[in-house]
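S.K.: Protein sequence lines correspond, in order, to chains U and V.
Read in order, the letters of the first sequence are residues 226 to 749 in my numbering.
Read in order, the letters of the second sequence are residues 9 to 276 in my numbering.
In case anyone wonders, no lab produced these hints; they're calculated from the structure.
A virtual CB, placed ideally from N, CA and C, is assigned to each residue, including glycine.
Treat the hints with caution; some may be incorrect.
Said to hold, decoys possible - Listed next, the in silico SDA-like pairs over lysine to any residue satisfying Cα-Cα at most 25 Å (straight line): (1) K290(U) to T165(V); (2) K514(U) to L27(V); (3) K505(U) to A236(V).
Said to hold, decoys possible - Label-pair distances were calculated between CB atoms; the ranges are: (4) P222(V) to R526(U): 38 to 44 Å; (5) L127(V) to K598(U): 27 to 33 Å; (6) T116(V) to H672(U): 40 to 46 Å; (7) F218(V) to A286(U): 57 to 63 Å.
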Amino acid sequence: MTFTRRNVWSLQQPWAPELLWYARGVKVLKSRPFSDITSWKYLAAIHGIEDVVWRQFGWLAADEKQPDTPEYLNQDRNQCQHHNWYFIPWHRGYLAAYESIVRAAIQTLPGAPDDWALPYWNYNDTAVANPRLLPQAFATNAWPDGGDNPLFEPRRFGRGDGVVVIRKEDVDLKAALSDPDFEGVLNGSPGFGGVRTPFQHNADRPNEGLLEQGPHDPVHGLVGGYRKGTDPRDWRNLGLMSMPLTAGLDPIFWLHHANIDRLWEVWLNRNPNFKNPVLKSWLDGPSGKQRFVVPQADGSRKEFAPKDMLDTKAPGLNYLYEDISDPLSGQQRLNLRLLSLKTLMDVPGITDGLEVDAVPKKPTVELLGANSKAITLGSDPSATLVKTDKPTIRKLTDSFKLSTFALRASPEPDRVFLNLENITGDNDAAIFDVYVGLAEGAIAAEHPENRAGVVSLFGISESTNIAKPHGGSGLSKVIEITDTIDRLHLTGEADLNALPVLFVPVNDTRGISIKRVSIYRQST
Amino acid sequence: MVVSTRFREAGLDPLACALWSISLVAFGVIALSDNVHAELMLLCRSDPGPLFAEGLSYLHFYYSTLDLAAFAVGVTLMLVAMMTPALAGPLLHLWFRSLSRHRWRAITLFFLGYLGVWLAACVLLFVIALLLVSLTGSEPVAGAVAVLGWLIWQLSTVRSRCLARCHQRPRLSVFGMAALVDPLCFGATHGFWCVTTCWALMLIPLCLPFAHLPVMLGGAVLIAYERAGANGLGFSRVKGAIRRGLAPRSTTIRQRLAAAPANSRPRP
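My request is simple: use the sequences and hints to build the entire structure.
M.R.: Pasting the structure below:
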């Protein structure tokens, strides 16, 4: 049987049968002991766990211990894949296992439906006024069955008081869905799915794909948030969703990830040329001892690889989404850029005969310049200046000559990427907007055209912690600023030899350090 | 199709293959022209005196007549053979985070810093090796002591901390004097943590000159594997098991929580 995952906003609010049964299923899982591999805690620990944190948050009682089986200690716990090209398929396998376990739990209850499927939280839904609000079934502790609502989580701070506020731009899909490549390149386009890596639980590299960068990361930070009036640099003040170590404990986590998983289908469905990697190293999963393993509803454990995650209707997954239509109405990155260049350069025939599948597979990525020293963010906007190397920046400006780029495999000038390297700090809920090319004294909010994107630092404390495998180097983020550079260069509005970059806090960013802010060109 | 793409599609990392090729060439040179490397091995190959005092006097004699150039070449060859495969991470960092016209300059400066630290460390390691052989009066016994020392060091927390620091990737400046200093400092710093992580392993072939090549090759494989992995070749699990076995059962979770710093999770 193929189950249909439905948009939470297409369900009757607040307590559609799908949500009520989900709550009942979660209640069953939460009642199981940690040692049960189908329990709430065991499933959440697969995503991430740290003993001290779970105890502090009350998820481990004083006399309670984590399971001591070799399977749990050496394989099952702390598996989640972030900042790498396994992020999407790993979470699909994890989510499918969770869904089947919840479904089996529901079916132990009287009157249960046999077709329950996990709903998804479509924060880009156009049919409701504000789809970025937390669905009401999750927002209050009251529920039809009485007692504590299993879907409500008191450690879900949102803007500080429990109210979740997500701006439209925090969940913008344009960057993720319009990139035609699943696999990204280091320092250049991160790709839809991320840069090639081995098994990587603790992030330390600039390998995050566009889908993970947004909407995945901002939703985590904006839902989890931190307790109002407290210091978010103290992890004890953070919400569950703010940290990979605790995110799986919040019932909304699964609806968020169902939507992320759906967006993979949306991306594939947008264009026949958007394809998953075909390399063995992706299809077979990471080499080495650490494999992807998830519990099954019958209490067994099952290993999986990305190649098992390609068809949602295949046995073992058995689901499809209610809606995988294209929210960008067919707009493609290259087309949009060339249309913009057509106006800026006043060249009418620039987009003639354009084929999206002409995107080359082996781009050249090259450093253009960087700021002069590390920068530490505060409560107010922080600025830095990226100086560029004259001989190298000339390659970029030369690429705008029509005679140069028209002959390329992908007929466009160089793309440009802002790199925020080795971001370290203790605040997983830190979020900031990045503006590029703003004149000194200009008010950022009045110049949305200079806004490069939003950065959410989900997972920063682990990647800053040198005790973690490969930890200590922090996170790195890559944001495409091609549109801004096109405009600044072609209109002569700003000097590309010295480009101002402004960081505007959305959530508290005190103590966040960025070791280097740099700019790279990606030539085709 | 580009060669690197062919390697990738065959499941091989082209950089790792290139670095291993350099390493094997260095091993080949060591094996074929021992007139260079033997300069180093002479130190331990000569009949070892059974007494510590003899060892010291021999050491004094050896260093007073040492051909420094041959020593430097020999040690550099040994380091290239053993350490090159473990340097993929730092080299990629230098390559991708430098201006394209400064990439080779940055890598050269890195190696200057890295080899400088290792050369200094090797002088000390040779002294230790010679003293070990002199004290024990036998190369195999000195080798056994070195292996024991390596095992103890391998399982120590201090070494884990040093290894963790081998994964640090510093900021690299792009312009001015800082663009020269940063790669040099990166090389020296990386060399320092590399020495502190691997000194005990490097001591073994120095104590066993009759088997130095296979021991060095094994060491190179181990270092590269460990450096690429996250958990130190499973030693962390061995350590964890030992610690669990030795941990005082009376320590409660609450006591451990109370002992934890107020605003931080455990860090080395």
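S.K.: Could you run down the list of hints and mark each one as holding or not?
M.R.: Each hint tested on the structure:
Pair hint K290(U) plus T165(V) holds up; C-alpha atoms about 24 Å apart against a cutoff of 25 Å. This hinted pair checks out: K514(U) and L27(V) have alpha carbons roughly 24 Å apart, not beyond 25 Å. Distance hint between K505(U) and A236(V) is fulfilled; the C-alpha atoms sit about 20 Å from each other, no more than 25 Å. With their beta carbons about 40 Å apart, P222(V) and R526(U) fall inside the hinted range of 38 to 44 Å.
Evaluation of the 27 to 33 Å hint for L127(V) and K598(U) yields a pass: the beta carbon distance comes to about 31 Å. A beta carbon spacing of about 43 Å between T116(V) and H672(U) agrees with the range 40 to 46 Å that was offered as a hint. Distance hint check: the CB atoms of F218(V) and A286(U) are about 59 Å apart, consistent with the given range 57 to 63 Å.
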